[in-house]
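Asks: Sequence:
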Amino acid sequence: MPTIKQDHVNELYAYLTGILKNKNSHMYRINGVENHLHILTDMHPSIAPADFMREVKASSSLWMKNSMLFPAFVGWEEGYGSFTCSFRDLNPLIEYIKNQVEHHKKVTFEEEYKKILLESGLIPDERYFP
Numbered sequence: 001m002p003t004i005k006q007d008h009v010n011e012l013y014a015y016l017t018g019i020l021k022n023k024n025s026h027m028y029r030i031n032g033v034e035n036h037l038h039i040l041t042d043m044h045p046s047i048a049p050a051d052f053m054r055e056v057k058a059s060s061s062l063w064m065k066n067s068m069l070f071p072a073f074v075g076w077e078e079g080y081g082s083f084t085c086s087f088r089d090l091n092p093l094i095e096y097i098k099n100q101v102e103h104h105k106k107v108t109f110e111e112e113y114k115k116i117l118l119e120s121g122l123i124p125d126e127r128y129f130p
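Residue numbers for the sequence shown, in this note's numbering: 1 to 130.
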């Protein structure tokens with residue numbers, strides 16, 4: 001749902017960066033549009049990816065609701081996408097994330113996510129795509 005209004009994303013991005021810092025992780029880049037975010041980060045090896053995402057989503061969801069900056073936000077979706085990349089792919093990914101607003105004027109989130117899943121050898125679960 002388009003609940004991440006762009007007029008307050010800098011506050012959201014700063015909050016998310018703080019969450020990652022508290023988890024001994026480094027934020028390389030964050031950006032997004034009204035219905036999703038892309039976060040390029042490393043994860044400290046002491047935390048499992050599922051635990052990492054659960055904590056990031058829970059903390060940020062609570063903050064978004066309590067801050068009143070995102071009045072239409074009711075919570076993150078149940079799932080998430082998490083992908084690894086090599087160090088040599090960092091700069092192209094950073095550039096890709098920087099250009100999310102322009103990118104999504106041409107490609108919808110659903111189209112992009114299906115493509116990423118297929119390229120990764122995964123079959124998209126059609127229950128999550130209208």
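Derived by calculation from the structure, the hints in this document are not laboratory data.
Computed from a prediction, not measured in an experiment: that's the story for all the values here.
Keep in mind that the hints are not guaranteed to be accurate.
Unchecked claim - Quick list of in silico lysine-lysine cross-link-like pairs, BS3-like style, CA-CA up to 25 Å:
{"hint": "1", "residue 1": "57", "residue 2": "5"}
{"hint": "2", "residue 1": "98", "residue 2": "57"}
{"hint": "3", "residue 1": "65", "residue 2": "114"}
{"hint": "4", "residue 1": "115", "residue 2": "21"}
{"hint": "5", "residue 1": "65", "residue 2": "106"}
{"hint": "6", "residue 1": "105", "residue 2": "115"}
{"hint": "7", "residue 1": "23", "residue 2": "114"}
{"hint": "8", "residue 1": "5", "residue 2": "106"}
{"hint": "9", "residue 1": "57", "residue 2": "23"}
{"hint": "10", "residue 1": "23", "residue 2": "105"}
{"hint": "11", "residue 1": "5", "residue 2": "105"}
{"hint": "12", "residue 1": "57", "residue 2": "114"}
{"hint": "13", "residue 1": "115", "residue 2": "98"}
{"hint": "14", "residue 1": "65", "residue 2": "21"}
{"hint": "15", "residue 1": "21", "residue 2": "106"}
{"hint": "16", "residue 1": "5", "residue 2": "65"}
{"hint": "17", "residue 1": "98", "residue 2": "114"}
To be verified - Label pairs and their in silico Cβ distance ranges:
{"hint": "18", "residue 1": "96", "residue 2": "6", "range": "16 to 22 Å"}
{"hint": "19", "residue 1": "92", "residue 2": "71", "range": "21 to 27 Å"}
{"hint": "20", "residue 1": "71", "residue 2": "14", "range": "15 to 21 Å"}
{"hint": "21", "residue 1": "50", "residue 2": "116", "range": "27 to 33 Å"}
{"hint": "22", "residue 1": "66", "residue 2": "124", "range": "30 to 36 Å"}
{"hint": "23", "residue 1": "62", "residue 2": "105", "range": "20 to 26 Å"}
{"hint": "24", "residue 1": "120", "residue 2": "66", "range": "20 to 26 Å"}
{"hint": "25", "residue 1": "92", "residue 2": "126", "range": "25 to 31 Å"}
{"hint": "26", "residue 1": "126", "residue 2": "14", "range": "33 to 39 Å"}
{"hint": "27", "residue 1": "54", "residue 2": "128", "range": "17 to 23 Å"}
{"hint": "28", "residue 1": "98", "residue 2": "122", "range": "34 to 40 Å"}
{"hint": "29", "residue 1": "67", "residue 2": "118", "range": "14 to 20 Å"}
Built from N, CA and C at the ideal position, the CB exists for glycine as well.
Asks: Is 16 to 22 Å right for how far apart the beta carbons of residue 96 and residue 6 are?
Replies: For residue 96 and residue 6 the Cβ distance comes to about 18 Å; the hint holds.
Asks: Using the beta carbons of residue 67 and residue 118, state whether their distance is inside 14 to 20 Å or not.
Replies: For residue 67 and residue 118 the Cβ distance comes to about 36 Å; the hint is violated.
Asks: Compare the distance between the alpha carbons of residue 21 and residue 106 with 25 Å, and conclude whether the hinted pair is satisfied.
Replies: violated (33 Å)
Asks: Residue 5 and residue 106: Cα distance at most 25 Å?
Replies: Judged against 25 Å, a Cα distance of about 19 Å means the pair holds.
Asks: With a cut-off of 25 Å on the C-alpha distance, tell me whether residue 5 and residue 105 pass.
Replies: With a Cα-Cα distance of about 16 Å, the restraint between residue 5 and residue 105 holds, given a limit of 25 Å.
Asks: For a C-alpha distance cap of 25 Å, please report whether residue 23 and residue 105 respect it.
Replies: violated (33 Å)
Asks: Measure nothing beyond the straight line between the CA atoms of residue 98 and residue 114; if it is 25 Å or shorter, mark the hint as holding.
Replies: Answer holds: residue 98 to residue 114 is near 21 Å, not above 25 Å.
Asks: Against the range 20 to 26 Å, how does the distance between the Cβ atoms of residue 62 and residue 105 compare: consistent or not?
Replies: violated (31 Å)
Asks: Between residue 65 and residue 106, does the CA-CA distance stay at or below 25 Å?
Replies: violated (30 Å)
Asks: Holds or violated: residue 23 with residue 114, Cα cutoff 25 Å?
Replies: Given pair residue 23, residue 114 is violated - Cα atoms ~30 Å apart, limit 25 Å.
Asks: Are residue 92 and residue 71 spaced within 21 to 27 Å by their CB atoms?
Replies: Distance hint for residue 92, residue 71 is violated at roughly 36 Å.
Asks: Return holds or violated for the Cβ distance of residue 71 and residue 14 against the range 15 to 21 Å.
Replies: holds (19 Å)
When the structure is compared with the earlier hints, violations turn up for hints 3, 4, 5, 7, 10, 15, 19, 21, 23, 24, 28, 29 and for no others.
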